[in-house]
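If you want the building blocks of each chain, they are given just below.
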Amino acid sequence: MAEPKARLLIVDDNRVNRLLLSRSVELLGYEAAVAENGRAAMEMLGKGSYDLMLLDIEMPVMDGFEVLEAISRAPSLQDMPVIVTSSVEGVENVVRCIDLGAEDYLPKPVNPVLLRARLNSSLEKKRLRDEQKTMLRRFATSEVVQDMQESGFKLGGRRVHASILFCDIRGFTTISEQQSPEDTIELLNIYYTLMFEAIDQHGGIVTLMIGDGLMVLFGAPQPLDNPAASAVAAAQDMQAIITQFNLEQNAFQKPELRLGIGIATGEVVAGFAGTQQRATYTCIGDKVNLASRLEGHTKKASQPILVDAATRAAVGDNLSCKPLGDVKFDGISGPVAVFAVMQE
Amino acid sequence: MTDNAINKAVYDELKEAAGAEFVVELVTAFLEEAPGMFEEINTALAAADADGFRRAAHSLKSNAQVFGADALATQARALELMETAQTTPEVQGLVAQLEAEFKRTADALKGLQNG
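The listed protein sequences derive, respectively, from chains H and B. Just so we're aligned: the first sequence equals residues 1 to 344 in the numbering used here. Just so we're aligned: the second sequence equals residues 1 to 115 in the numbering used here.
Don't take every hint at face value.
Cβ-Cβ distance ranges computed for the label pairs, FRET-style [to be verified]: (1) H/125 / B/21: 28 to 38 Å; (2) B/4 / H/29: 29 to 39 Å; (3) B/4 / H/121: 57 to 67 Å.
No lab work stands behind these hints: they were computed from the structure. We put the CB at the ideal spot given by N, CA and C, even for glycine.
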């Protein structure tokens with residue numbers, strides 16, 4: 001099957017140049033759209049998507065330099081390569097284009113052989129970048145991908161106010177012993193799909209998946225108004241979704257799932273940890289420990305959702321909670337006030 | 001006379017790359033657009049609009065290069081690099097010269113298509 005044609009946007013105020021460039025790229029097997037000046041081009045970029053831009057510099061209304069600046073400010077346009085095609089005078093102007101983010105510079109009149117080579121190479125590079133991004137999306141959330149694109153990949157963390165949520169399937173080992181590994185993987189995949197949906201909806205990002213366990217961060221890398229409220233709302237949705245799912249499981253005489261969720265709120269250090277080759281976005285701090293302990297405690301307390309005092313306070317009175325008193329956890333100094341979130 | 005208005009090697013290369021029929025279309029577009037560029041040159045000159053003057057001269061140069069109109073391109077480039085748009089006798093002389101060269105180029109392009 002033939003790959004879809006790459007769509008190019010040609011921006012030039014001169015009709016002869018537009019005609020010639022369109023003809024040239026069409027002869028190379030690409031699709032061409034044209035804009036008469038920078039402003040028209042930016043409008044077209046707002047409405048449709050293009051794989052590459054061929055940009056003239058000298059134009060009325062909005063010139064090529066201004067277009068390059070506007071593109072550099074628009075996160076959604078970062079991946080579109082721009083090749084400047086111009087007969088603008090002076091090396092300093094060419095340098096300025098490259099400085100402003102142009103991928104390449106082709107002097108006019110454009111040599112067809114050179115054009116083909118540059119287009120091939122730029123589009124191939126774009127294809128690889130798109131592929132990488134898709135891969136990255138599969139393993140990281142779009143928030144982490146965006147954070148990485150904005151500030152670059154850098155090992156090391158920063159202090160943020162966040163909520164940590166741990167979630168685990170109660171008695172999962174027993175369930176997996178009762179059915180085939182294939183069924184277990186399928187069950188896990190359904191479980192993850194359902195959980196991720198509830199988590200995404202409330203702005204959380206999954207930083208860890210181990211077996212049937214999830215660690216979710218609310219408030220980083222993108223800040224949230226009230227991370228604790230988002231985390232609790234996500235936990236309630238997760239439980240509600242599982243209740244719904246269990247009705248189906250019952251109907252097919254399949255095992256029910258029971259979730260334990262623990263949430264703690266406070267200052268954590270979030271960022272990329274690992275090596276230059278392999279790293280993960282994660283967070284560390286006492287609160288991470290505490291959230292994990294609270295999740296572990298759900299079984300003993302026979303409560304689906306447990307939170308700490310900071311989460312309880314941040315969510316406010318709208319949340320119906322039952323204080324369970326102080327609990328002493330391993331690895332945490334001093335007793336911790338624990339609250340059970342009542343399901344609506 | 002018309003022979004040296006157009007660099008035949010450049011013109012033939014264009015024909016080879018884009019197709020003879022398309023070049024007819026392209027020449028037609030150029031001959032339609034060029035008077036507008038001269039109008040811009042003169043308007044910019046009258047208004048001492050250096051940017052507009054440079055842009056119009058640049059446009060003309062750029063198109064002249066497409067067809068291998070070397071003399072026209074060289075003359076337009078000289079105006080493009082002037083940095084000012086002042087109605088001095090010298091500049092007016094250059095613009096008049098450019099218009100004459102354009103007529104020569106236009107005739108040569110038409111001749112190439114008929115021939």
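Against the structure, the hints:
Evaluation of the 28 to 38 Å hint for residue 125 of chain H and residue 21 of chain B yields a pass: the beta carbon distance comes to about 34 Å. Range check, residue 4 of chain B to residue 29 of chain H: about 37 Å between beta-carbon atoms, so the 29 to 39 Å window is met. Evaluation of the 57 to 67 Å hint for residue 4 of chain B and residue 121 of chain H yields a failure: the beta carbon distance comes to about 38 Å.
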